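Asks: Spelled out from the first residue to the last, the chains are:
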Amino acid sequence: MSWIATHFNYVVVVILMMAGLFIVFSSGNLIKRMIGLALFQSSTALFYISFGKVSGGTAAITLDAQGAEGQALAAQLDPAYVAQFGVEGVVYSNPLPHVLILTAIVVGVATLAVGLAIAVRVRESYGTVESDEIDAVSRVAAEQAEPAP
Amino acid sequence: MTAPVLEASFALNVALLLMLVVLAAAVVWTRSLLAAILLMSVYSLVSATWLMVMDAPDVAFTEAVVGAGISTIVALGAILLTRGEAVRVSWKRQVVPGLLAGLVGGLLIYAMSGLPDFGDPASPANSHVGRAYLETAKRDIGAPNVVTAVLGSYRGFDTLGETVVILAACIGVALMLGFGPRATLAPPAGAPGDHHVVLRVTAKMLVPLIILFALYVQFHGDLGAGGGFQAGVIAAVAIILHALVFGLRETTAAIPPQAARAVAALGVVVYAGVGIVCIVNGGGFLDYDHLLTPQIEAMIPAGLLGDPDKPHHWGQYFGILAIELGVLMTVSATMITIFYGFAGRTIDAIAAELRR
Amino acid sequence: MQLEALYVAQPALTAQAPILAIAVPLIGACAAALAPSGRAGWMISVVAAMVSAWMALAVAGEVMREGVILYQLGGFAPPAGIALRVDAMGALIALLIGAVGTLAAVFSGHSLAAEVRPEKHTLFQAGFLLAQAGMVGLVYTGDAFNAFVFLEVSSIGTYALVAAGERRDRRALPAAFNYLIMGTIGATFYVIGVGFLYGATGTLNMADMAARLGTLDQNAAVQAGFAFIVAGLGVKAAMFPLHGWLPGAYAHGPSLISLFLAATATKAAIYLMARFLFEVFPDGAAFGDMFLQWVLAPLGAAAVIVCSLQAVFARELRRMIAFSSVAQVGFIFLGFSLANASGLSAALFYMTAHGLMKAAMFMALGGLAISIGARRLEDFAGVAREAPWTAVAFGIGAASLVGTPLTMGFLAKWQIMEAALAGGRIWIFAVMAAGSVLTLVYVGRIIEVMFFREPAPGAPRAKESPVGVLVPLLILAGLSLWFGIDASLPQQLAQAGAASLFEVRP
Amino acid sequence: MLIVAGVAGLIVAMSLMIVRAVLGPSHYDRILAANSFGTKTVLLIALMGYLFGRPAFLDIALVYALINFVTTIALMKFFRYRSLARPLAVAGGEDGADG
Amino acid sequence: MADALFWIGGGLIVAGAMLSVLGAAGVLRFPDVYTRIHAASLTDTGGATLMLLGMGLLGPFGLITLKLLLVWAFIMLTSPAAANALANAAFGSGHRPRIGNFQIMGEDKATDAAPESAGKERA
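Protein chains in written order, with numbering that gives the first Met the number 0: chain A, 0 to 148; chain B, 0 to 355; chain C, 0 to 505; chain D, 0 to 98; chain E, 0 to 122.
I should point out that these hints are in silico values taken from the structure, not numbers from a laboratory.
Do not take every clue at face value.
To be verified - Label-pair distances were calculated between CB atoms; the ranges are: (1) B:Val95 - C:Pro297: 48 to 56 angstroms; (2) B:Leu17 - A:Ser54: 54 to 62 angstroms; (3) A:Ser54 - C:Gly422: 48 to 56 angstroms; (4) E:Arg95 - B:Glu249: 34 to 42 angstroms.
None of the values given here were measured: they were computed from a predicted structure.
Glycine included, every Cβ here is placed at the ideal spot set by N, Cα and C.
Let the sequences and hints guide you as you build the complete structure.
Replies: Rendered as structure tokens:
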């Protein structure tokens, strides 16, 4: 039971990863495959971020630097919090995975845009975005080209 | 953090992750692409909320503007140009993919036993470099937002790469969709019964406000969540809103596609240029401590910004400011280019091309 | 040629050379995207690629003099900051990328005019330079996550560039899409693997990672990280069962991109994999050795046999050569699987040789494609008569591919076979021999058609390639010959690189 | 404590919306669910800022509201005009249908 | 004073959350698109207003209040506009309201009289 509690996030990541991969491999529709790819890539975000969470931590924007307002807020909204750690002693979550995942999300949207653009061109050129139909069109074209005099 | 808040945080974590699983399963199951896109947009809202629970507001910000915003709009544009329904796949064709996914999943499950417990502050991931950033960022960089400090300075080279990836996407989409048959972009006769005065007025008010907000996000990035990337996407969303309401022709008249492409390239030049300036001033690439020449550095009173014991804060400050500007330029211009690419094509133009 | 004696740049410049080799093509790409005309874009591309190659040469000389170079970015020492870390191996691969990139940039002037719409030229050049910068960065970086970023920098533009081949051959579009899907899955697998290693070590710097992995041999997360990294880079490197994207992308993309990718893209990924295999993972980790022996070697052998056979039966010339590339990757992995310094250095040398010869072959085909838009093998009947120089250059590349003595390919192949014999792996020797025979079969078919067959009546007549193509083409072919006689330059770097990896291993 | 109750209520509402988004027989049901889900997410994020003592996160809630607005317009154009490029006309014709 | 504000704000937040839950239940249980839109849009704006008001009472007065106000304005803009556009699009595509039709309604026991009030009772 406690193993589930400590590794629940990873189990979910695995499920999402499998779902994304399954869509990419099983679907013949190019758009659907791109959606699967986006799902697959986003699961890595969950994976990294899960590493970086520190229980009882807070976002790595240092409170003391937000000046009097930050202190006042921290004291007003959660007095126990400040009483326990003080504004100086607040525990922060690990910022490094956040930075990495920012990059990964950007890469993901870049891939999505380029992939969908290519899919649109495929549709313009072949009249379809289904792999099977594209293959069929290609095969017919190849057979027509073959008995060239 | 108090115990009830801690428990609430974990409960939120579990609840949101379960939502993600349900949504992913639905995406697998549905054949309608529009439904899949809508579900993915909800997915990305949930995952952004989850990121907030995980104390990653910067990432949540990005996921929100990218996943729920740009990706959804781009995907809608794509299915307008292709089709909205996927062909049914017979179960026989799903066996091998299922096995492959199962294999990967099995490997991951096997590997989980070696992963640290969730939330463990002493895990290797949280104790080595990550902890070091929290301790040194204030001293080295002076920005309260450690994520910005790491993103802009410690791992600024990664961010340069990320900006270049965005430029590559801009080039890729422009190569694919930026030329060839275009939509006529003529104003429509107007569907009967439509009068969108409210929307038009609202949009007219909102566009400058959104850009103002983007600038706030841009310059607030070292103090709170946000930064060049998020601001760039928000600015692009303002332009996209303009195009959606007033039509693509009006928008391209204001911001021509060529100009957008040029700005995207210039953004990377700004970013890499900062690095080169640092080299010229005798430092390494992107070493902002050498961004300002010693003469300028000497004119700045000590302790004006950040830690008075560390003299180079102004270099870091301006360095991060400049590269964030480069990121803003590239990202906003690229998102606009991508939108132009997808929105500017129409099925009719394509059909005409095919008939020819 | 003694590399140590090469002082090709001022010391101050040499100190910054690693980053300039990456940054100059990056800025060049932006300049090319802003260029007013295709011609200006072409000139920017040539200059930027040339500067990058020059810097790579300066780095190579410095590495031979000083050993491994560390370059800290942002002034932060690793592991907090990102550092470039160039060893002799990396210097060699970057040099290959720089050289092929420069020649390809020169070649692009004529090739693009024939294959891509004129208004796209500037963007095309920009994408090409981005790919080059990304690959050099991938090779130089010492940070595992930074490598992912550069993997994507080099790939994302490339997907669209491959797809831009649709003007001549619309199958480029589905091929590019396939490439995108497979490439992204590969890169994502790599990220997952790096994530596991990060979770186990808390660092992203490869050297730091290696130091901290030392005691974690039995950790399941480390093993899974290893598997994901190898599988992910295997996709990018076209490791045998994961190579599905390669033939389509090479066969249908524009000539420029086929040539550049075939010569460099898989090499950069293989190099990164080698670094993980031999540098990052713990010495003598049971799973590492097991992988080399029981996975990499059989897959390499299967690639050699199966893909050579596919090349023999392929109908289209470029597809044939693309399959041959997968088979050659198999040769390289066979060299790796020997797990000793001589095998690794031979494999590195083979990578260089293969890069040069494949570049020459694809460039020759690109030169011919300017006059005849041919795809099938038969269409090339008798081109040697119309375009003798192009055909001869192609022939030299092909001879090197087979392993004819006096070419670079011969030396490379012989070194791997020698290392296999020395390591007592007779079966690897046998597979290599069989692969060479199969190579001879398909290369023989091509040569027969090109040189000894009459052109079909009524078929479009080939023309000799323009000078702008011939010069880089003959330089490439000449390099294949020159290094076949005096291989000291690549040899030195390969041996030094392999030795530096293995001397740290007990 | 009251904030926790508010968060719990929103989570329940969001779960119900997800059920509708997954089942939702027509696309309109899904869009409705997605849109309403977006609103609840905005509220949840704003509330979470209070729960964890960082109300500065309101920026993100604001962005969500904004994105929700733009996405809704995009969806509407998708259904009504099958095009993202056409302007929304002012003088459409007779009033009434959307009054 | 601060205490009173805390309780009032918290109460408003809980009330808003309850309204959201009720709306969601309506969206789940109502028989056709139009009734669901009705449930969602009303409770969205209402719930948001209550909750944001509550949050405004909890936090200090200043930039945060302004942001809350902006969020509120956005929701008030989006939600009705979206509901309107959605209903319009659904009607245009041929969906017809089902209220009042016993055959289609099945388990829903609303009478044909006063469909609006039936919906409201449920919410």
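Asks: Hint by hint, say whether it matches the structure.
Replies: Now for the hints, and whether the structure bears them out:
Distance hint check: the CB atoms of B:Val95 and C:Pro297 are about 21 angstroms apart, inconsistent with the given range 48 to 56 angstroms. Roughly 19 angstroms separates the CB atoms of B:Leu17 and A:Ser54, a value that falls outside the hinted 54 to 62 angstroms. Our hint of 48 to 56 angstroms for A:Ser54 and C:Gly422 holds, since their Cβ atoms are close to 51 angstroms apart. Hint check: E:Arg95 to B:Glu249, Cβ distance near 37 angstroms, so the stated range 34 to 42 angstroms holds.
When each numbered hint is compared with the structure, violations occur for hints 1 and 2.
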